[in-house]
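> Sequence:
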Amino acid sequence: MPELPEVEVVRRGIDAWATKRTISHVDVLHARSIRRCEGGAAELRAALEGDAFRCASRRGKYLWLPLTRANDQALVVHLGMSGQVLMQPPREEDETHLRVRVRFADDDREMRFVDQRTFGGMHVDEVIDGVPSSITHIARDPLDPDFDEAATVRAICHKDSEVKRVLLDQSVVSGIGNIYADEALWRSAINGRRRGSALTSAQVRMVVSNAREVMLEALAQGGTSFDSLYVNVNGESGYFERALDAYGREGEPCRRCGAAIRREAFMNRSSYRCPRCQRAPRGGAGTG
DNA sequence: CAAGAATCCTGCCAGC
DNA sequence: TGCTGGCAGGATTCTT
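If you read the first sequence in our numbering, its first letter stands for residue 41, the second for the next number, and so on.
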């Protein structure tokens, strides 16, 4: 569920609450939430305790918190499907799915990683040229000041793959998930099953531009939320759901032409589109 | 090498 | 009532 806007909301919360405080203690309550650390929880604890987070950075759906003393190390966090980062008063009761707790010396608030489905996780990693080495394969996202839109459009146009699949490929462009991919395609009146190589560069440019726009609008609303699963660091939900034009609107009228929005299976998940505005490619071959 | 499928995980809900 | 199957889906790993 958390895509770029939701992760950015969380990043801002962490940046405001969890930086420049000495880390006093780290509790790992679920081993699966620690990824890519050979030494597991012990390694994570050793790296963090006594140090402090300098700031909170983000690329796509990945967050990382560079350390102050160990200048080239950072805590990398991915929320996965159901991850939350909450800044809680220490006396607050543990959440059912609390996985990692980071306590600070001032004991004002503690940082809690809560994750129902454990698709998310964290690890400590070396930062090289400003990015953790484990996420160098993640492309820049459309909100990155150095995002190269022209290069991204060229890359998508050269893909012999359905354009929605390409939008979800974080090595091509990052931050876009199932919700914002459907929204960007609806705004562009393009069917996600059409192949990147079958679209004009103007069409692809429109899709990329719309993805950026819809994510900026969602960010301004505090993100999208369907239930209590996605919340900011204070446990509050965003308001963008009501602004969605396609995602989750099966059977409801298209806001552009009135046709009933259709839900289809795609890549083991659901896609929503307008059957009139976003016509299917001929024969599913994607050449139309 | 690229594209696409399988996999991980738990809670919830419809249907029987 | 209680079980089962389907669904939610991001990123990695495996297969074609």
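Because the hints were derived from the structure by calculation, they are not lab data. Hints are not guaranteed to be accurate.
Unchecked claim - With a straight-line Cα cutoff of 16 Å, these simulated EDC-like cross-link-like pairs (lysine to aspartate or glutamate) come out: (1) K199 x D209; (2) K60 x D146; (3) K60 x E83; (4) K60 x D147; (5) K60 x D91; (6) K60 x D169.
> Look at each hint and say if it fits the structure.
Hints, one by one, checked against the model:
{"no.": "1", "hint": "K199 x D209", "verdict": "holds (11 Å)"}
{"no.": "2", "hint": "K60 x D146", "verdict": "holds (11 Å)"}
{"no.": "3", "hint": "K60 x E83", "verdict": "violated (21 Å)"}
{"no.": "4", "hint": "K60 x D147", "verdict": "holds (13 Å)"}
{"no.": "5", "hint": "K60 x D91", "verdict": "holds (9 Å)"}
{"no.": "6", "hint": "K60 x D169", "verdict": "violated (22 Å)"}
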